[in-house]
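Visitor: Once you've looked at the hints, go ahead and assemble the two chains, each given alone in its own frame, into the complex.
Protein sequences, first through last, are from chains A and B.
Residues 0 to 144 in numbering that gives the first Met the number 0 are what the first sequence lists, from first letter to last.
Residues 0 to 455 in numbering that gives the first Met the number 0 are what the second sequence lists, from first letter to last.
By construction, these hints were calculated from the structure, which means they are not laboratory data.
Note that the structure is a prediction, hence the values are computed from the model and not measured.
Beta carbons: idealized from backbone N, C-alpha and C, even for Gly.
Each hint should be verified, as a subset may be incorrect.
Stated by the list, open to error - Chain A side only, calculated, beta carbon under 7 Å to chain B, not exhaustive:
hint, residue
1, P34
2, S68
3, S69
4, E73
5, E102
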Amino acid sequence: MTDAPVATVLVPGPAVSGPILRLTEPLSFWGGVDPVTGRITDIRHPEHGQCVAGTILMIPETRGSSSSSSIMLELIRAGAAPAALVLDRVDAILVLGILVAREMGLSHPPAYRLPRAAMAELAGIAALDRQGRITCLDALPEQPT
Amino acid sequence: MPLPMPEEEAGNALALRPSGHEDARRNTPRPRVLPLSIETDLAPHLAGARGPAAATAARILAETARLLGTDSLVPVASAHIDGCLFHGDAGVLFAETLVAGGGQVAVPTTLNVGALDLIHAGRVRFAAHQQRMAERMVAAYEALGCRPTWTCAPYQAGHRPGLGDHVAWGESNAVAFANSVLGARTNRLGDFLDICCALTGFAPETGLHLDRNRIGRFVFDVTGLSERLKAEEAFYPVLGSLVGSLCGEAVPVVVGLPPGVDEDRLKAFGAAAASSGAVALFHIVGSTPEAPSLAAALGRAEPAERVVVTPALVRDARDRLTTADRAAEPDAIAIGSPHLSFEELAALERGLAGRRTRLPIYACTSRFVWQVLQEEGRAEALEAAGVVPIVDTCVVVAPILPEATFDRPKVLMTNSGKFAHYAPGNTGWATVYGSLDDCVETAVAGRLVRDEGAWA
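Okay, chain B solo, but in the shape it has when bound (with noise of 0.2 Å):
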C-alpha cells in the first residue's frame, strides 16, 4: 500500500542532505505580545465551535496543562506526532474517534514510523486483525491532514524547524534532537498529547518552551577521554546511554569534544540519552547552537552536578549495551535507529565495498532517503548484498525479527543505542554492541567481529 507524496510536499520533504546549523539564523525566540491562555484562547474549541475533535483534543491539552500548573499556551509552528505507532486497539479507536469528529491538524504535522512498511508489504509478521488495525491506524492519521512521512527522523526529511520556534513534537528522539540541535523549543510530548497540540495548534507553556528551563544544569565533562575516541562513531551512542543513565531529566551539558561534532553523531547521542534516561534537551559545546561556550551553556551559573567521564565509566556504559552472553554469536544486524540519514547508508555501502553478507543486515530509514537510493540504482545493489531494507517502520516497534523465544534465544548485533536499549524487551532478542564497521565485518564473516582499539 505505497502512498505517493503530494508533489510540493515531497519537494519539501526531500531535502535530505543533513544541513548542519545553517538553519540557526534566527538568535532570539520570537516575541510574542500577549500571553495566551487556556480561557481565552482555547474557548472555542473547548465550546464544541471547531467540532467534536478539536474539542476533545483541547480538553486534554486543557487538563495536561493544569496538571503541569499552567494556563498558558503558545501557539506552536508546527507538530511532530509519536502516537500514531500502532500499539493496540484502543489508540486506533481514539485516532479514529478524532477522525469522526472531525478532526484537521492546525499547524504542518509530520507523523513518526507507524508499524508498517507501507513500500514493502509483507516484511511485518501481523495476524489478520492487528494488521487490519495497523492500518487503520495508517489511515485515521493521514485523514486528520498529517504528512504521511512515517519517520523517527523528520528533521533528516525536510522538517526542520529554526532555532527560538516554539513546536510540538513527540518521540523522544525526535524532541531532543528539535531542543538541541535545531534549538527549536518543545517538551516531551507523550502519546496523544501530540496530536490535541497539533489540532488546537497551541501547547502548555512550560517546561522546554521557557529560557530558565533550558540553562545546563549537569556536566559531563570529557576532556580526559582519548581523541581516538571521540573520533570514533560509536562512541556517540555510548555517552549518550552514560548521560541519560546519569542524569534523568536534567539538562545535559557536554563540555571536552571537538567542535562541530556532526548531525548524525548527535542524532546517535540524543537517541540513547532520551532511551536510557528522559533527556529532552543536551547541550554540547560547541556544537549545539546554545552551547557556544560551557559558560553560556550554563547559563553563567555553577553546574548543579559534574562528571569526568573515564574511558572506564564508557567501557561500562558500552557494555551495558550488550545484554548477550559473551560467547553468543550475532544472527542479524540492525541499524537505522534513528532512521538512517543518506549520509549513514552511504557509510554502510563504503563498509560493504561490494562484499554479500552471511548475515541479513536490517537497514531502517525513510522512504525519501530509499527513494533516492532507488532512483540511483544503489538500492538493488544494497538489497543483493545482504541488505533488508526497513521504511516507516523499524525492527522494535513491529514484529519484524524472526521470532526469539526463551527456547531459540537470537542475538542482534547494532550499532544504536536505541535498538540495543529496546531491543531486548520488545523483541526478545539479545543485544551485542559495536561499530558500524563492526556490524559489517560481522555481517560478512557471520561471525562476532569486534575491533576493540580505541575503547582501550
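Next comes chain A alone, as it looks inside the complex (with noise of 0.2 Å):
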C-alpha cells in the first residue's frame, strides 16, 4: 500500500475505488469514446479498446471536440462513466458533463485536480475519500450488500 498526493476536489462526490485508467495520450470523448458502453473506439489512440465505465480514469491532457460534455453526460445516465474524473488541468468540457448531471439530479462521479507528475507515479487499483487522498489498494474492496 502506497500513500499518494492529494487531489483537489473539482466536483465533490462520495468515496470511490476502481482501477487506475491513465490516458497517455490525449483522448477525444466524442468521437472516442462509446456513450454507452464507455469503450474508446478513436482508433488512433493507445488506449484504444480499454473501458472508461468503472475506472479512476487519469487525463494529463485533453484535446478535441467540445461535444466531450455531451457525451460525459450521456456516460453517467448509461451507467458507463467513470468512477472519478481525474485532470491535471481544470477541463470545463469534461467537467460540464457532471455538472448538468448534477443538476439533473443523476448519481455522478466526483472530479478531481492532480498534476500529471503525481498520475505517473499511480497504477493498478485506487480509492478516492472524498478529501481527494489517494490509496493504492492490492484489490478491489468488497462491495457493501
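Guide: Written out as C-alpha cells, the structure is:
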C-alpha cells in the first residue's frame, strides 16, 4: 500500500475506488468514447479498446471536440461513466457533463485535479476519499451488500 | 419536417458569399465601464427571478467560472450552440428541463448541426426511439428561441461577429473560426455551457476573452515548403492537423504562407487543428486579423516554441489522415466538414464537369447554401450526377453512411481533415485522404485516383 498526493476537489462526490486508467495521449470523448458502453473507440488512441466505465480515469491532457461534455453526461446516465475523473488541468468540457448531471439529479462521479507528474506514479487499483486522498490498493474492496 | 425560416431571419442568414475580412472594421475590443461579476450580475438569475431555466443556467455558469478561477463575467453579443446535437437521451432531457423552466435565449443564438436532415426525411438511419428523441432535441432548442440554422459553418450563414466582439460559441471549428478569422472572442465552450451563456447573456471572463491569452506562443514556419504545395487546397487541412497535433492547447502562429489565404482554406485549417488538438485560436501571418505581422501575432515577444515545417512532416501528417490499407478502394466520398460553402459546391460542380459518378459523394452543407442551389436549378443536376446532399447534419454526427462492420469494412475518401479524424471512431469506416479533385476523380472512376504531384 502506497500513499500518494492529495487531489484537489473540483466536483465533490462520494468516496470511490476502481482500477486506474491513465490516458497516455489526449482523447476526445466525442468521437473517441462510446457513450453507451464507455469503450474507447478512437482507433488512433493508444488505449483504444479499453473501457472508461468504473475506472479512476486519469487525464494528463485533453483535446478535441467540445461535445465531450455531452458524452460524459450520456455515460453518467447510462451507468458507464468513470468512477472518478482526475485531470491535470481544469477542463471546463468534461467537468461540465458532470455539473449538468448533478443539476439533473443524477448520481455522478466526482472530479479531481492532480498534477500529471503525480498521476504518473500511480498504477493498479486506487481508492479516493471525499477529500481527494488517493490510496493505491492491492485489490478492489468488497462492495457492501 | 422542413423548418421554414422567418422572412427577416432568412434575409439575415442568406449573406452567403464569404466576405473576407471586410468585417474587421473595429480594431479594439469594446471598452467596458464596469467589470461584471457573478455576485452582482447573476444574482437575479440565481435567485430565480428570471425563472427556473435561467437559474439552472446561472448555477452551471457560476460553477464553471469558479472552476476556471474567475468571478468575472463578460456580456456576450451572440451565441452558437453545439449542445443541440443528439448524443443520447440525457442531453434531450436536459434541454427539455430548460424549456419547461421557461428558458429563452437572451442574445441572438444560432444552432450547430443536429442529428437529423430536416430537409431530406429518411436520410438518417435511426431506430424509432432515437428518431423520436432526436426530433425532441430539435424541438427543444428551437423552443428556447435559437434560430434553426443547423450548421457548423454559421459564419457562412450570416452569423459573423466583428473584430473584438465577445461571444459565446460552441463547436470546435466554429470557435476556431470566430476567434481566428473574424477576430471575435470566445472560449471553446463545452456542450451545455454554450446554452447556459445564451440563456443568461454572459460568459466567464477567462481565456480568449483576455488580450494576454490571445498572443501566439508556438510558431510553425512553412517558408521552406514549395509554392505549389501552398497553392494546393488539400494542404490546408493537413497543415491544420499537423499544427493541432503538435501544439495542443497553445495558440499557434503560422508564418510563411502567401498573404490573404482564402476563407474556405482557413476554415479547413482551423477545423483540422481543432480536431487533432484543442486549438481555439490560431494566427496566420498576413491572413488573420490579429496577425498583420509575426511580431504582432507574438505580442512582440519570443515564441515559446518554433517548428520548421518540412515536406516530410507534411507528408507524415497527410498519411495519418488515411487509416485504410494502401490497397483499399473507397466505397464512398464525403465532403463538407465544416459544411460546404457556396464556393466549395461550385468547385465540386466544376470538378464534375457534367460527369456522373460511380461512387456516391455525400456533400454536407447548410440549408441556406442548398436552398440557393435548388433555386438556381443546380441541386437537381448535382443529385443526378451522384451527389447525395446532406443538410442540417453530417455523416460523422449521424448514422447516414451504410453500416460498416468488422466483417464488411468500408472505406471513406474525404478532403476534410475533420472527417478523416472522426470518421473511424464515429462511423467505423476507414479513411483515405485526398484533395477535392482526387475525391471527384475517384468517384467518377470508381477506383482510387490520387495526384501525388504537389506532395513530393
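Visitor: Now tell me, hint by hint, if it's right for this structure.
Guide: Quick rundown of the hints versus the structure:
1. P34: With a closest approach of 5 Å, the A/P34 hint holds.
2. S68: Holds: closest Cβ of chain B sits about 4 Å from A/S68, inside 7 Å.
3. S69: holds (4 Å)
4. E73: holds (4 Å)
5. E102: holds (6 Å)
Violated hints are absent here; each numbered hint is respected by the structure.
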